[in-house]
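Protein chains: 2
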Amino acid sequence: MYAPLEPHGGRLVYNVVEDRDRAASMSAGLTKVEIEPTYGPDGAPIRNPYREIMTITYGFVSPIEGFMTRNDVDSILRERRYRGWLFPFPLIYDIDEETVKSLGLKEGDSVLLTLKGKPLAVMNIEEIYKLGDRKELADAVFGTPERNGEVVKKRFDEKHPGWLMYRMMRPMALAGKLTLVNPPKFKEPYARFWMPPHVSREYIKSRGWKIVVAHQTRNVPHIGHEMLMKRAMFVAGAERPADAVFVNAIIGAKRPGDYVDEAILEGHEALNKAGYFHANRHVVTMTLWDMRYGNPLESLFHAVIRQNLGVTHHMFGRDHAATGDYYDPYATQYLWTRGLPSYGIEAPPYQVDKGVKVRPVNLGEFAYCPKCGEYTYLGMAYGDYKEPPLCGHPPERVSGSFLRGVIIEGLRPPKVVMRPEVYDVIVKWWKVYGYPYVTDRYLKIKEQELEVEL
Amino acid sequence: MYAPLEPHGGRLVYNVVEDRDRAASMSAGLTKVEIEPTYGPDGAPIRNPYREIMTITYGFVSPIEGFMTRNDVDSILRERRYRGWLFPFPLIYDIDEETVKSLGLKEGDSVLLTLKGKPLAVMNIEEIYKLGDRKELADAVFGTPERNGEVVKKRFDEKHPGWLMYRMMRPMALAGKLTLVNPPKFKEPYARFWMPPHVSREYIKSRGWKIVVAHQTRNVPHIGHEMLMKRAMFVAGAERPADAVFVNAIIGAKRPGDYVDEAILEGHEALNKAGYFHANRHVVTMTLWDMRYGNPLESLFHAVIRQNLGVTHHMFGRDHAATGDYYDPYATQYLWTRGLPSYGIEAPPYQVDKGVKVRPVNLGEFAYCPKCGEYTYLGMAYGDYKEPPLCGHPPERVSGSFLRGVIIEGLRPPKVVMRPEVYDVIVKWWKVYGYPYVTDRYLKIKEQELEVEL
Chain A
1 MYAPLEPHGG RLVYNVVEDR DRAASMSAGL TKVEIEPTYG PDGAPIRNPY REIMTITYGF
61 VSPIEGFMTR NDVDSILRER RYRGWLFPFP LIYDIDEETV KSLGLKEGDS VLLTLKGKPL
121 AVMNIEEIYK LGDRKELADA VFGTPERNGE VVKKRFDEKH PGWLMYRMMR PMALAGKLTL
181 VNPPKFKEPY ARFWMPPHVS REYIKSRGWK IVVAHQTRNV PHIGHEMLMK RAMFVAGAER
241 PADAVFVNAI IGAKRPGDYV DEAILEGHEA LNKAGYFHAN RHVVTMTLWD MRYGNPLESL
301 FHAVIRQNLG VTHHMFGRDH AATGDYYDPY ATQYLWTRGL PSYGIEAPPY QVDKGVKVRP
361 VNLGEFAYCP KCGEYTYLGM AYGDYKEPPL CGHPPERVSG SFLRGVIIEG LRPPKVVMRP
421 EVYDVIVKWW KVYGYPYVTD RYLKIKEQEL EVEL
Chain B
1 MYAPLEPHGG RLVYNVVEDR DRAASMSAGL TKVEIEPTYG PDGAPIRNPY REIMTITYGF
61 VSPIEGFMTR NDVDSILRER RYRGWLFPFP LIYDIDEETV KSLGLKEGDS VLLTLKGKPL
121 AVMNIEEIYK LGDRKELADA VFGTPERNGE VVKKRFDEKH PGWLMYRMMR PMALAGKLTL
181 VNPPKFKEPY ARFWMPPHVS REYIKSRGWK IVVAHQTRNV PHIGHEMLMK RAMFVAGAER
241 PADAVFVNAI IGAKRPGDYV DEAILEGHEA LNKAGYFHAN RHVVTMTLWD MRYGNPLESL
301 FHAVIRQNLG VTHHMFGRDH AATGDYYDPY ATQYLWTRGL PSYGIEAPPY QVDKGVKVRP
361 VNLGEFAYCP KCGEYTYLGM AYGDYKEPPL CGHPPERVSG SFLRGVIIEG LRPPKVVMRP
421 EVYDVIVKWW KVYGYPYVTD RYLKIKEQEL EVEL
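Taken in order, these protein sequences are the chains called A and B. Per the working numbering, the first sequence starts with residue 1, numbered consecutively. Per the working numbering, the second sequence starts with residue 1, numbered consecutively.
Since the hints were derived computationally from the structure, they do not count as laboratory data.
Pulled a few chain B residues facing chain A out of the computed Cβ check, cut under 7 Å:
#1 F234
#2 N362
#3 C372
#4 P388
Pairs of lysine-lysine, DSS-like flavour, derived with a Cα cap of 25 Å:
#5 B/K428 x A/K371
#6 A/K185 x A/K32
#7 A/K273 x A/K205
#8 A/K205 x B/K386
#9 A/K386 x B/K210
#10 A/K32 x A/K116
#11 A/K371 x B/K371
#12 A/K415 x B/K415
#13 A/K371 x B/K415
#14 A/K415 x B/K371
#15 A/K210 x B/K357
#16 B/K273 x A/K386
#17 B/K386 x A/K273
#18 B/K106 x B/K116
#19 B/K116 x B/K101
#20 B/K205 x A/K386
#21 B/K444 x B/K431
#22 B/K273 x B/K205
#23 B/K371 x A/K273
#24 A/K357 x B/K210
#25 B/K444 x B/K428
#26 B/K428 x B/K415
#27 B/K116 x B/K185
#28 A/K185 x A/K428
#29 A/K371 x B/K273
#30 A/K210 x B/K386
#31 A/K428 x B/K371
#32 A/K116 x A/K187
By construction, the Cβ of each residue, glycine as well, lies at the ideal position given by its N, Cα and C atoms.
Next up, chain A with everything else stripped away, as it sits in the complex (with noise of 0.2 Å):
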């Protein structure tokens, strides 16, 4: 009845190439072109591009190969399709105008990718083309309320990370299938999280999961999540509950004032490891992106990577990765049940010729109910549409700055909040970092560290 959906473009990208030898003779005498992150009008660092070349290669969001062309940009801006398939974001690899001619690069050339002056990738340039307005591309890329009002609310500016990361680029892209050949050792904690594709399908497989839904997350798990998931496998179902959750952990570029990459992962498999979900039905993972909080666009995004790494199902709460109001809170909703006819998607993703396969589960939000003494479903609303909480009395909210506040000053988050040994995690990477959230230090470490050792 559920067999395991294909990958996205009908073939599982692999990049990849182990064979250090042929890894050698592939590199031998290329130009090198230093990765360079992606930084913000005050130079911190917004973005790098490594992380969207491991997520090519490894195959996160084939069926692309590669840094787009310009008429891939095109066509994505136009209809959110690479190449015929649904996807959402042009993936653009910005080169500055003086480095392009002081490498003398051309189209027809492999260059060799370097991270921190080693040897990560090679890119065959196809094309070399100027951006043009960046402000207008990052635009076109999320929306605007005159084109895009019936999911974007307000204009996106500056304190949008994702609209900064397109307005920021350097003036030039470099477009060209991707090799990686020099796969990456990952750090710890990072190590054992790492699930490309091909893995992860073939794990899905030894357990014997046939209905899996996927949870997107960039949060150390709160109660709340816990909950989200434990009834996002009930409605994934349809006539029984899901075999189990694939929590897929997005890391990447962050923003102080997030939890910290180390704690959100080891939080997740805090919940496995003490039981609050049997170890047969919970996986914890991660993919590399530095997030677009693109709201709707982001929710296919996930859709495409998860379809690939095997997953039947994706849950979608409220805000899904989004920032700020930009977006209608069940702008993801919108899609899943509607399509955004705006961008060119006319019905929802899994019903369009060359969409994505994966189903949805549209949830909204869910907060603790003394009275019935559980975590209680309050319902969501866009639209015309608009469901009523599941039972008839006042929830708890517990705001997250509340939370934070709770946290930041020491104390143990109430347990109807956070689970102890969730908690225990924070402090763990709390000791490492000397603050339990994303400081400006901490964001300097990352930088310089990354996930991953050449």
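Given chain A, work out where chain B should sit, using these hints.
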């Protein structure tokens, strides 16, 4: 996406004459046949066919319009089909040979069926036939370990109330279409829960519900039942939670130790009144039926009546409509995932031609997990299918007999076991009947007074 399902058989039966003059002219001059209960070996009533007459004429079992002919019964026992449409049980109006003779009943006659001497329904006698060996009939209805080994684990006997109903039937049967000519008035508290299919379908429509999951009950709701209902709402929705739970209590023959019918109805209602379910996501209704305890067969009966009532989904838990260990505890889940080939049902009921259209929600048990702080899901197992529990902790199971002991001792059950508002309903009816559960005295009152007045 979720259009209301059509009635079973395509057309909703409504053989009820509300016009008093027309009813009088239909009944005038007809031979009166007093409806007689089926009695157990100890002389206690175990079934009253008036309930089946109500259930048939109001269309709960559409397309069935009357008691069955010998051919109908043979077809049910051969392949669980009534004139082509899936249906699990023979509906038989049994009668003594002496009564047939003394009243001079003949095929082609119409008779007036009376309840406690008062007119209830007209039957057009299509056939008068002998039932033969009722022990063989009872075995054929429920199955035997030899013939139906996929789900029947033990030979049925007189301790099984459903088997006993067929075993104790009178030797002859009248078959024919029924018309209710004197719609009874329901007593309190039944009246407000009586919502026959044509009313129920309008009610669901007026609420705007698209996905509605039926809950079968013959119990005052423990919190375990409430959690089963709440989780089933999530399963039924597939892409979002269901709109509502449609509680449908089976009101009919009771056994000592059962909860009293009044407490069952008002107990479920209390969950709604006290806000454990939002008023627009939950409704409590009833069906008149002397339960057969036929586990998978009863689940098919439930699906038929609730499809006619207008739901889209039906939840099935462990030991659905079961008593004793005659059937496998997950025999119902077996039917709804694989069919019951030995009964002539080759695939799940919604996959066969002229099957039911209601979709199943198959669930195992729930029990309180003190570590998770919520009711956790324990999984299910049948055939070669085995589902692990949701969490990895040992749950705190509260046995029914422990809870019964607590209640009989006059103690308020623990908060994690029963809502106080539900317990208050038990106490209310305890005061009326002198005991919290069904006693011989309650059975006598119930048989004398029934749920209706004529």
